[in-house]
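There are 4 protein chains.
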Amino acid sequence: MKAIALGSPIGLDRLMLEERPDPGEPGPGELRVELHGSTLNYHDLGVATGRMPSAVGRVPLADGAGKVTAVGTGVTEFAVGDMVVSCFFPDWQDGAPRVGDFSRTPGDGIDGFAQEHVVLPATAFTHAPKAFDAVEAAAITTAGLTAWRALVVDGALKAGDIVLLLGTGGVSIWALQIAKMMGATVAITSSSDEKLERARGMGADFTLNYRMQQDWGRAIRDWTGGRGADHVVEVGGPGTLAQSIEAVRVGGHISLIGVLTGASGEVPTAALMSKQARLQGLIVGSRREQQAFVRALDGGAIKPVIDCRFPLEQLADAFRHEMSGSHFGKIGIEW
Amino acid sequence: MKAIALGSPIGLDRLMLEERPDPGEPGPGELRVELHGSTLNYHDLGVATGRMPSAVGRVPLADGAGKVTAVGTGVTEFAVGDMVVSCFFPDWQDGAPRVGDFSRTPGDGIDGFAQEHVVLPATAFTHAPKAFDAVEAAAITTAGLTAWRALVVDGALKAGDIVLLLGTGGVSIWALQIAKMMGATVAITSSSDEKLERARGMGADFTLNYRMQQDWGRAIRDWTGGRGADHVVEVGGPGTLAQSIEAVRVGGHISLIGVLTGASGEVPTAALMSKQARLQGLIVGSRREQQAFVRALDGGAIKPVIDCRFPLEQLADAFRHEMSGSHFGKIGIEW
Amino acid sequence: MKAIALGSPIGLDRLMLEERPDPGEPGPGELRVELHGSTLNYHDLGVATGRMPSAVGRVPLADGAGKVTAVGTGVTEFAVGDMVVSCFFPDWQDGAPRVGDFSRTPGDGIDGFAQEHVVLPATAFTHAPKAFDAVEAAAITTAGLTAWRALVVDGALKAGDIVLLLGTGGVSIWALQIAKMMGATVAITSSSDEKLERARGMGADFTLNYRMQQDWGRAIRDWTGGRGADHVVEVGGPGTLAQSIEAVRVGGHISLIGVLTGASGEVPTAALMSKQARLQGLIVGSRREQQAFVRALDGGAIKPVIDCRFPLEQLADAFRHEMSGSHFGKIGIEW
Amino acid sequence: MKAIALGSPIGLDRLMLEERPDPGEPGPGELRVELHGSTLNYHDLGVATGRMPSAVGRVPLADGAGKVTAVGTGVTEFAVGDMVVSCFFPDWQDGAPRVGDFSRTPGDGIDGFAQEHVVLPATAFTHAPKAFDAVEAAAITTAGLTAWRALVVDGALKAGDIVLLLGTGGVSIWALQIAKMMGATVAITSSSDEKLERARGMGADFTLNYRMQQDWGRAIRDWTGGRGADHVVEVGGPGTLAQSIEAVRVGGHISLIGVLTGASGEVPTAALMSKQARLQGLIVGSRREQQAFVRALDGGAIKPVIDCRFPLEQLADAFRHEMSGSHFGKIGIEW
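Residue numbers (UniProt numbering), protein chains in the order written: chain A, 1 to 335; chain B, 1 to 335; chain C, 1 to 335; chain D, 1 to 335.
Hints listed in this document are in silico derivations from the structure and should not be mistaken for laboratory results.
Be careful, since some hints might not be right.
Same chains, same label: a pair holds when it works inside one copy or across any pair of copies.
Said to hold, decoys possible - With a straight-line cut-off of 30 Å between C-alpha atoms, the simulated DSSO-like cross-links for lysine-lysine are:
| id | residue 1 | residue 2 |
| --- | --- | --- |
| 1 | K180 | K2 |
| 2 | K303 | K180 |
| 3 | K67 | K303 |
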């Protein structure tokens with residue numbers, strides 16, 4: 001069986017397919033899955049470029065989708081031939097958050113999905129959305145479920161709500177699609193007019209080039225008639241948070257996802273207080289939330305935007321494409 | 001000024017336009033509104049046919065929409081020329097339910113909107129949805145807000161949820177439209193194949209003629225693969241509740257709205273308990289919920305289904321049409 | 001190892017200790033527990049008297065508490081010597097309800113705890129509350145967690161809320177204690193002045209003998225100054241529900257637990273609707289809810305009321321005592 | 001009628017009782033209230049020391065309690081002789097937050113309660129808790145309701161939860177009392193061992209002198225066995241927030257109230273994200289929340305801690321005492 005593992009020292013140049021022992025047959029409660037697709041996340045990039053030295057030797061990639069080829073005893077939820085997709089937190093099945101680190105996340109604390117076959121507990125997967133191919137299915141695990149959790153689980157999004165999205169990365173584009181599927185109104189920012197044009201084609205109601213309009217927080221609020229956005233999906237972090245607080249309505253909700261502008265920084269806490277706003281930290285979501293998300297996707301209204309697809313053996317090139325920042329939506333890996 | 005009032009004894013034959021004193025100019029915090037449309041509800045029919053003898057002399061109709069023609073001092077939310085729509089509970093502005101009767105509901109405990117002009121506190125209205133005419137706007141007050149409250153406020157509806165609707169009355173058709181606008185999956189029942197066909201044309205995913213399939217609770221559950229519906233909008237009451245409990249999923253939600261089959265009856269409480277389901281009584285909603293609903297409608301995705309329109313002077317005929325049960329959606333009154 | 005199993009046909013006379021094979025050592029993820037205590041529930045009585053003929057040969061009793069005597073590989077939450085207590089739904093770990101039957105409940109669908117030793121997954125237990133003996137700990141599993149779920153999980157109980165309890169069975173007495181621990185105000189009914197006196201000694205603020213005052217729903221509402229109770233813990237079922245609806249406030253919450261007066265009956269659904277009240281079916285709760293309940297009990301403010309204690313070999317007599325209805329609080333089984 | 005108004009320029013030295021016109025009789029929906037007590041908040045200190053120059057001429061003090069001496073037409077909630085207490089946001093009656101500034105807060109944007117009589121809408125008051133004198137009642141309006149909102153409304157506090165409080169100011173001491181009334185476990189910090197000793201006497205389970213133990217965030221988490229606090233009442237602001245994030249559990253809740261250490265500062269946003277924690281900004285609460293809080297206080301379990309009482313004419317001295325920081329609980333003003 002072929003797999004990719006992180007070399008020592010870690011480096012994109014060392015991401016090469018190598019032979020690995022076959023994982024064998026599934027034990028009780030387990031599945032054997034023939035993997036066929038993954039997508040890249042900012043988190044994967046961090047691991048693959050050595051931000052986590054303890055990952056030496058680990059198989060990278062948090063997202064994985066493929067076909068069930070064998071089913072262990074006691075498994076009733078899946079059958080041979082089912083298309084399945086992995087869970088970012090295989091131990092977080094249900095309920096309020098239980099995890100605050102990546103020690104059990106595939107491709108970080110444990111082996112990920114840059115390989116041909118895995119044998120894992122059935123509870124580490126959900127069904128894939130109907131009519132999604134492996135790359136599309138893989139895209140739901142990290143970026144998709146993050147956007148779903150931010151808007152739907154934490155935000156209780158409803159039709160008519162105003163959603164502000166920062167940039168056109170994987171989470172933001174998923175959030176755009178989810179928000180439009182549920183009747184919300186969406187504003188989105190980017191430094192690229194071309195990307196904003198694409199977002200508008202996907203239903204964005206208001207677009208803003210933050211290079212042109214640096215006081216974008218106020219601009220968004222003005223666009224809402226002074227009321228402010230109900231939800232902000234904050235993928236930027238400290239560098240954008242002050243303006244997100246400016247843009248959100250009194251009593252509004254900011255999903256804190258991002259570390260793109262750093263892990264720490266100046267935050268106007270008094271403004272957050274007087275806005276009576278909620279700043280909700282989150283990392284992806286539970287398996288049960290993924291099951292609900294899959295039901296929503298089974299409706300067929302949306303599919304992830306796949307920027308491009310690389311074969312597994314060109315994983316390093318795919319990461320380089322991610323680093324370039326020129327993509328729109330998800331970068332797929334397919335095998 | 002012309003108006004219709006309930007005669008003594010109350011009877012449809014006595015619903016005639018008569019001259020009434022003009023309400024004059026608005027005082028502080030009030031609006032003067034030139035009314036142009038209403039729609040009929042089951043509740044209005046009850047009042048108009050004498051189920052509430054204390055209503056003698058009252059102006060009927062809970063729904064009212066029209067144009068602001070004068071604004072009292074201190075009113076900042078509305079301006080002359082704004083299109084507005086009335087609130088079913090003018091005293092319930094916000095927050096959890098405060099009212100358990102109709103003593104302050106227009107057309108029941110207080111005068112309703114079967115008249116040309118009213119002067120009322122601004123807090124008794126919200127803006128009308130953009131691009132709705134007066135009849136369409138009036139349709140949101142009672143039936144629309146009831147459906148919104150059931151699914152969105154109480155039910156926290158999300159894309160992918162399964163919604164079961166009973167019949168094709170005003171609340172059910174609104175619920176169908178709201179559910180589809182938010183990406184949900186909808187099953188609907190009727191005794192008319194023709195009405196089911198229309199519902200299917202509006203996006204219903206599964207239709208069921210309960211005259212053909214009397215064990216419809218089980219049929220719905222089978223259709224969901226045994227899981228059951230997430231939400232049931234129960235407009236039937238005791239005569240249908242047992243099957244609604246059969247149809248709902250474990251932990252699901254039944255909105256109890258209906259008295260169509262009576263005010264009391266046999267209920268399998270043990271089945272409700274073991275389903276761990278919620279049976280949530282509700283009557284319409286608060287003004288703030290109506291404001292949120294209007295924002296959702298401003299998106300332009302849906303408009304109420306108006307079965308037909310009667311002029312105000314033919315209100316009695318309109319009620320007779322309602323009694324016939326042949327309508328689909330709302331019966332409008334226009335003047 | 002000694003155990004009690006349900007004979008064939010099932011009957012209290014056949015509940016006798018017999019020799020059973022020892023369960024052996026724990027496998028991966030499992031615990032071996034030396035059991036020392038249980039308590040009786042209405043549900044257990046139903047099983048033990050043959051309401052569920054399929055239970056022939058089953059070890060009865062849903063509640064079980066004891067000491068960990070061996071720990072399987074991979075178990076980190078428990079250590080040898082820990083006092084633990086069983087879970088009513090060993091498969092419902094967390095999140096919204098997943099189960100609507102008793103097919104996996106100990107003492108019903110699977111073997112229960114009327115035995116000396118068990119080997120089960122660690123996830124079928126939680127830690128016992130500090131300073132609780134085995135009988136006291138066992139009392140939390142069914143009756144205690146039901147009361148906690150009704151008031152705290154579903155009801156979001158807060159200080160100052162008014163709670164109405166029906167009768168002085170195990171759930172009601174737990175609910176009384178939980179409500180008082182959290183600063184709520186409690187009304188309780190009974191047919192026995194002596195039991196009401198005991199409830200008053202435990203902090204009940206208002207007591208009512210329903211044999212003396214048959215219109216108790218109205219009496220409770222009058223006592224609240226007409227506002228009504230925030231929460232009703234409905235252990236009676238259809239025979240009491242009409243008055244519970246009368247007693248609850250607009251927008252209030254009725255926990256539907258009981259089948260004491262039957263599985264089905266006449267319910268005034270229109271009254272529930274116009275009260276805008278929630279009738280929430282429930283069966284016990286999840287393991288995570290039990291963990292939160294244990295944390296609350298670790299504070300040491302309350303302990304279950306144990307009416308009396310029977311040795312395991314006198315289980316039949318304990319059930320007869322339960323049938324007599326003379327107990328107050330829980331009937332313990334100790335070995 | 002006597003009153004105190006802010007001079008020009010604003011300064012504590014200019015806070016002197018002066019004669020003002022009597023407010024006269026109440027109009028429709030209004031109350032005339034004879035005021036007898038107030039308490040000082042950090043917010044009042046800011047106004048009184050000129051942080052808000054626009055307040056020149058304004059009557060200070062956000063908290064006010066006294067006796068109803070006349071009732072306008074249409075008021076049914078209050079009668080002459082009732083003890084009442086003011087609302088921090090007289091226009092925020094119910095529901096989710098509506099206000100993000102102090103433009104309608106007594107003693108800031110509008111006249112406050114440093115006077116003998118007021119005539120105001122009945123909706124600007126609630127009943128005072130039973131058996132509270134005027135100073136005790138006044139203490140609930142700002143500090144008390146803030147603590148209640150943080151823990152009970154936003155936090156859904158339950159017995160067994162772990163609450164971390166920073167310092168022994170008015171909000172923290174109220175939070176300590178509310179948390180203990182509802183069965184929670186409390187840790188509290190201070191720089192004064194004497195104050196910690198007093199907090200322990202009021203039920204605090206764990207006390208920590210942050211001058212001695214500067215890494216207090218970790219210390220609190222260690223004390224919880226590594227799990228972390230469920231709720232942190234963050235009155236410090238940016239200077240303490242990093243350690244509060246360290247102390248909170250995964251999925252926990254931090255109420256952001258404080259500006260004591262500044263309006264903006266370095267915040268470890270990535271740590272908040274990976275804790276999946278909620279940072280909830282808030283300012284006091286709605287009138288309906290105050291009504292619920294009063295019901296909780298009517299139980300009689302707790303009364304505010306009044307550090308000392310000054311007569312109204314010594315208001316300047318009372319503010320100087322507040323600035324010294326030596327108080328524990330609330331500083332009362334009585335007349």
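Hint check results:
1. Within a single copy, K180 and K2 get their C-alpha atoms no closer than 40 Å, and across copies no closer than 45 Å, so neither meets the 30 Å cut-off.
2. For the identical chains of this complex, K303 and K180 are neighbours both inside a copy (12 Å) and across copies (18 Å), given an alpha-carbon limit of 30 Å.
3. When the C-alpha separation of K67 and K303 is checked against a cutoff of 30 Å, the pair qualifies only within one copy, where the shortest distance is 19 Å, while the shortest distance between copies is 43 Å.
Going through the hint list in order, the structure does not satisfy hint 1, though it satisfies all others.
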